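The listed protein sequences derive, respectively, from chains A and B. Counting along the first sequence from 1, when you hit position 174 you're at 174 in this note's numbering, and nothing is skipped either side. Counting along the second sequence from 1, when you hit position 291 you're at 291 in this note's numbering, and nothing is skipped either side.
Simulated from the structure, these hints should not be mistaken for laboratory data. It is possible that some hints are incorrect.
[Unchecked claim] Not everything, but these chain B residues come out facing chain A in the computed CB check (under 7 Å): (1) A50; (2) I81; (3) L115; (4) F145; (5) I149; (6) A153; (7) Q189; (8) L193; (9) I295; (10) L342; (11) L352; (12) F354.
Given the structure is predicted, the values throughout are model-derived calculations rather than measurements. Even for Gly, the Cβ is constructed at its ideal location relative to N, Cα and C.
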Amino acid sequence: MAYFLQLVFAGIAQGCIYALIGLGFSIIFKASQVINFAQGELLLVGTYIVASAVLNWHLPFLLALPLGLLVTVVIGLLFERLVLRRMIGRPPFTILMITIGLDIILRTLVIVGWGSRTIPAATPFSVTSGFNVAGVHLGSSDLWTIAVTVVLCAALYYFFRHTRYGLAMRATALDQEAALAIGIDVRTVYALAWGLAAAITTLGGVLLAIDSLAIDPNFGNAALVAFPAIILGGLDSISGAVVGGVIIGLTSVLTAGYESRLPAVIGTGLHEVTPYLLMILILLIRPYGLFGSRKVERV
Amino acid sequence: MIATREHSHSRHHRQELPREAEPPRLLGSPGRWLWLGVGVLALLLFFSLAGDDWFTIVNYCLIAAIATLALNLLSGYTGQISLGLAFFMGLGGYTAALLGGNPPVGPLDPWGLGLPVFVWLPAAGLVAALVGALVGPSALRLRGFYLGIVTLALVFIGNYLFRNLRFITGGPQGRNFPVPTFGSVSLDQQNSLLGIALTSGQQYFLLMLLVLLLSALFVYNLSRSRVGRAMRAVRDHEVGAAIMGVNLFEVKMGAFVVSSFLAGVAGALYVSYARYVIPDYWSLSLSIQFVAAIIIGGIADVWGSILGAAFVFALPQIIDYFSLLPPSTGGGGLSSGDLNALLYGLLIIVFLLFEPGGVIGLLRRLRPTARRLRPVGAGVGKAAVNEGGENIEVVDLLQHAPESGEEGRGPRGGRTS
Numbered sequence: 001m002a003y004f005l006q007l008v009f010a011g012i013a014q015g016c017i018y019a020l021i022g023l024g025f026s027i028i029f030k031a032s033q034v035i036n037f038a039q040g041e042l043l044l045v046g047t048y049i050v051a052s053a054v055l056n057w058h059l060p061f062l063l064a065l066p067l068g069l070l071v072t073v074v075i076g077l078l079f080e081r082l083v084l085r086r087m088i089g090r091p092p093f094t095i096l097m098i099t100i101g102l103d104i105i106l107r108t109l110v111i112v113g114w115g116s117r118t119i120p121a122a123t124p125f126s127v128t129s130g131f132n133v134a135g136v137h138l139g140s141s142d143l144w145t146i147a148v149t150v151v152l153c154a155a156l157y158y159f160f161r162h163t164r165y166g167l168a169m170r171a172t173a174l175d176q177e178a179a180l181a182i183g184i185d186v187r188t189v190y191a192l193a194w195g196l197a198a199a200i201t202t203l204g205g206v207l208l209a210i211d212s213l214a215i216d217p218n219f220g221n222a223a224l225v226a227f228p229a230i231i232l233g234g235l236d237s238i239s240g241a242v243v244g245g246v247i248i249g250l251t252s253v254l255t256a257g258y259e260s261r262l263p264a265v266i267g268t269g270l271h272e273v274t275p276y277l278l279m280i281l282i283l284l285i286r287p288y289g290l291f292g293s294r295k296v297e298r299v
Numbered sequence: 001m002i003a004t005r006e007h008s009h010s011r012h013h014r015q016e017l018p019r020e021a022e023p024p025r026l027l028g029s030p031g032r033w034l035w036l037g038v039g040v041l042a043l044l045l046f047f048s049l050a051g052d053d054w055f056t057i058v059n060y061c062l063i064a065a066i067a068t069l070a071l072n073l074l075s076g077y078t079g080q081i082s083l084g085l086a087f088f089m090g091l092g093g094y095t096a097a098l099l100g101g102n103p104p105v106g107p108l109d110p111w112g113l114g115l116p117v118f119v120w121l122p123a124a125g126l127v128a129a130l131v132g133a134l135v136g137p138s139a140l141r142l143r144g145f146y147l148g149i150v151t152l153a154l155v156f157i158g159n160y161l162f163r164n165l166r167f168i169t170g171g172p173q174g175r176n177f178p179v180p181t182f183g184s185v186s187l188d189q190q191n192s193l194l195g196i197a198l199t200s201g202q203q204y205f206l207l208m209l210l211v212l213l214l215s216a217l218f219v220y221n222l223s224r225s226r227v228g229r230a231m232r233a234v235r236d237h238e239v240g241a242a243i244m245g246v247n248l249f250e251v252k253m254g255a256f257v258v259s260s261f262l263a264g265v266a267g268a269l270y271v272s273y274a275r276y277v278i279p280d281y282w283s284l285s286l287s288i289q290f291v292a293a294i295i296i297g298g299i300a301d302v303w304g305s306i307l308g309a310a311f312v313f314a315l316p317q318i319i320d321y322f323s324l325l326p327p328s329t330g331g332g333g334l335s336s337g338d339l340n341a342l343l344y345g346l347l348i349i350v351f352l353l354f355e356p357g358g359v360i361g362l363l364r365r366l367r368p369t370a371r372r373l374r375p376v377g378a379g380v381g382k383a384a385v386n387e388g389g390e391n392i393e394v395v396d397l398l399q400h401a402p403e404s405g406e407e408g409r410g411p412r413g414g415r416t417s
């Protein structure tokens, strides 16, 4: 039972990370109907910069983190301004492909700059820190992850409900032309969405790196696991991304925890595909996700 | 009554737009014969003069070109985003390995039936097509990004299966594959064909070239047929296509299945040429390389597919061949693969922004005969761009078929070549 609770706790913490990364996708998709395939590599660049800042340049973690966020936000804003703004109205195929172009460039730059070897991740916590409750070890990194996610979601909720720019973003998501007509600057909204998404995703990435202790150039693939999370929750739903993320995190961690007890036929690595299997299942039953609106793209 | 009206209607169209009903023949003009001659001559020169290293580079490139054609059929002509090409290639590769592989010696060896190439090559395509037909109905209900994400999931699920189905794939360490043989002729030895002694590389080259030629002709002819027009209609405007009587599901399924077939064949050829296969080869980055190939080469174009494959898959090898850059050590620094990846990442963005027709679109635009027709096309293109996104279909049509005459859409109704 303690083992199960331990897994549930770890699953929720991991789910929060997927939720953060998924929020990045959702915010951009909601604002501009674009799936940003380069999200994973933005996260990769961010975590490498934070790791370098701490390990090579000996900056304190709390200074390194904003530096990493700043760099990815600038990359996101530049890409939005210089490339995506020219692509408005082009088919989704073209836009997805162009973000794949950015994805390739960023990943290669990381390989060129840092090499393809695994490097240790920056972490402000020691592995064993935390405390025990009823035989369950609550690690401080996991606790912080959950706390950061909860605070951030509350902040986002307030932002989208009660601030000028948050309302502008929701209006744009609802009807771009109507938003333009009532004087909302849609360009600012796009830029805001990209900056916000880049920052949140990078934060998720840094937390994930703390969790996994080491990073390599494939680390960006972690963001792909957020796809099942947002599809599960509904691509255009912010709260859906969070719920989807937690469900995916729980499934993945529980499968990993009990994998050795499953029949040998299952083999190894099942936990890496359970998120995708779950996603395909949900697409068959409810293609618009648990919380998404029904007008989702479907033939 | 209705039938008669429809009939007369279509005849009316036929008279007005004869080119629409009869697409130009493949080798209908002297210019095309000339290009064919030049091409054959270049191939013969390469064939007789190139060394073994070059054959290795070019043969891999020919295999990649087949897979690129497969993706172009699905994404370029039909407009369905797919990141799952590596999965279908892997299916083909392992089908070939199972059917054509050596029978196991020890209890831990993967299975193999030792069947000849005539069996495993088509079977590889058929198995991939069959899985495509099974996955298709649920995947193709989804559009745009959703389809991209589902096909991405296929790559990960495939990788899990490939790593765990040890009796077929040999597990993460992979398995080897015997030399393909035609009767008593084994492709890794020198053999003579019609009295000419051929090296191993040359024989593989002929095999790959034959398969590529068949695939290219198939895709080319398909694209000019009624089905091809339906595919483009689906890509450019789904609702419009449906209103015109195109069965969306049938067209998408057809493209998906045929594309899977070609990908399977390419995967089988890769395995038979590399003679070794590990599950990690069929990764997402492989799929993405093919996406890069169709965009750089040219969307919805046979020559574009071949050029794109050459660019993405041969360039790093050529840079390595001339040792222009230090080999990759894993410790950072620019290696040939990195340079190439940077280049094609950048080119994807540049081409999509400025020349969505890819290299082939650029070449066609520079052709003197095409320039004569240009004022009409260029004017419309510019107008559409100026209007922002509204007229995107117009832009796309022009970009995808810069040679308006070839599709009989040119106002002058003339051929451009």
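Here's how the hints hold up against the structure:
{"no.": "1", "hint": "A50", "verdict": "violated (30 Å)"}
{"no.": "2", "hint": "I81", "verdict": "holds (5 Å)"}
{"no.": "3", "hint": "L115", "verdict": "violated (27 Å)"}
{"no.": "4", "hint": "F145", "verdict": "holds (4 Å)"}
{"no.": "5", "hint": "I149", "verdict": "holds (5 Å)"}
{"no.": "6", "hint": "A153", "verdict": "holds (4 Å)"}
{"no.": "7", "hint": "Q189", "verdict": "violated (38 Å)"}
{"no.": "8", "hint": "L193", "verdict": "violated (41 Å)"}
{"no.": "9", "hint": "I295", "verdict": "holds (6 Å)"}
{"no.": "10", "hint": "L342", "verdict": "holds (5 Å)"}
{"no.": "11", "hint": "L352", "verdict": "holds (5 Å)"}
{"no.": "12", "hint": "F354", "verdict": "violated (9 Å)"}
In the structure shown, a violation is registered for the earlier hints numbered 1, 3, 7, 8, 12, in ascending order.
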